[in-house]
Amino acid sequence: MEEDLPHPDPESQYSGTNAHLEMLKDMLMTYNMYDNKKVGMAPKSLSFLFPPWPWFPSSLCFSFLCLFAELTVGYVQGMSDLLSVIYAILQDDSDAFWCFCGFMDRMVRLPSPFPTLPRNHPPPLSLLVLTFRNTTS
Amino acid sequence: MNQTGMRRQLITLKQLTQLMIPKLYTHLEKSGSDEFFFLFRQLLVWFKREFSWEDVCRLWECLWTDWLSGQFHLFIGLAILDRHKEVIMGMDPFPVP
Numbered sequence: 001m002e003e004d005l006p007h008p009d010p011e012s013q014y015s016g017t018n019a020h021l022e023m024l025k026d027m028l029m030t031y032n033m034y035d036n037k038k039v040g041m042a043p044k045s046l047s048f049l050f051p052p053w054p055w056f057p058s059s060l061c062f063s064f065l066c067l068f069a070e071l072t073v074g075y076v077q078g079m080s081d082l083l084s085v086i087y088a089i090l091q092d093d094s095d096a097f098w099c100f101c102g103f104m105d106r107m108v109r110l111p112s113p114f115p116t117l118p119r120n121h122p123p124p125l126s127l128l129v130l131t132f133r134n135t136t137s
Numbered sequence: 001m002n003q004t005g006m007r008r009q010l011i012t013l014k015q016l017t018q019l020m021i022p023k024l025y026t027h028l029e030k031s032g033s034d035e036f037f038f039l040f041r042q043l044l045v046w047f048k049r050e051f052s053w054e055d056v057c058r059l060w061e062c063l064w065t066d067w068l069s070g071q072f073h074l075f076i077g078l079a080i081l082d083r084h085k086e087v088i089m090g091m092d093p094f095p096v097p
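Listed in order, the protein sequences are those of chains A and B. Residue numbers for the first sequence follow the numbering used here, beginning at 1 and rising by one. Residue numbers for the second sequence follow the numbering used here, beginning at 1 and rising by one.
The calculated label-pair distances, taken between Cβ atoms and stated as ranges, are:
1) A/T30 to B/D66: 24 to 32 Å
2) A/M29 to B/D55: 26 to 34 Å
3) B/S52 to A/M29: 25 to 33 Å
4) B/S33 to A/E22: 36 to 44 Å
5) A/I89 to B/K30: 38 to 46 Å
6) A/M29 to B/K30: 44 to 52 Å
7) A/M29 to B/E86: 43 to 51 Å
8) B/R83 to A/T30: 36 to 44 Å
9) B/E35 to A/G102: 25 to 33 Å
Hints are computed from structural coordinates only; laboratory data are not their basis. Note that beta-carbon positions come from the ideal geometry of N, C-alpha and C, so glycine has one too.
Input sequences plus hints: build the corresponding full structure.
Written out as structure tokens, the structure reads:
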């Protein structure tokens with residue numbers, strides 16, 4: 001995150017740091033904590049799924065873990081790009097933070113328009129093309 | 001927006017290109033770029049670094065409407081490829097200095 005934020009060109013007039021950049025960093029840090037916390041709480045409520053049931057297949061445990069891993073994001077390179085636009089428009093850190101959370105939710109947990117598919121899974125090609133054809137013709 | 005999500009998006013875009021711009025796809029395949037990693041950044045930050053500030057705001061607003069599909073940015077990527085296919089195909093993939 002530290003490397004991601006400042007302007008890459010040290011000669012640029014936008015290099016170095018300023019109050020807004022610091023605020024951006026704070027917001028991303030907060031998001032990181034916020035997102036981790038959400039996930040940290042999930043497995044506890046579902047702890048009955050995990051051993052001490054010795055017969056519980058470990059592969060299944062693993063797939064549950066993966067499910068939770070899919071729900072967490074933390075900081076991903078490029079997030080600063082996404083947040084900076086929102087922050088620049090709203091000019092308010094709390095508004096920007098919650099809008100950003102919504103944006104990330106949308107990206108990670110976008111409800112699939114095709115309910116049989118996992119969330120955020122791009123619909124199969126045939127369906128995409130069908131939608132496209134129906135609107136262009 | 002983790003790695004698997006990104007991977008899926010790239011694969012979808014690959015399939016879309018294969019179907020809609022087969023000529024370009026053959027070219028990319030020949031030059032070993034058919035994994036579409038060159039579009040990774042564009043998809044990751046929703047073309048934020050590719051367009052001007054006003055255009056990015058407008059584009060994002062449109063994408064947030066979820067018109068037709070929540071994955072409409074894939075079509076934007078496809079449209080960009082289509083617009084520039086002549087330039088891309090005219091390039092020598094392995095230029096000899």
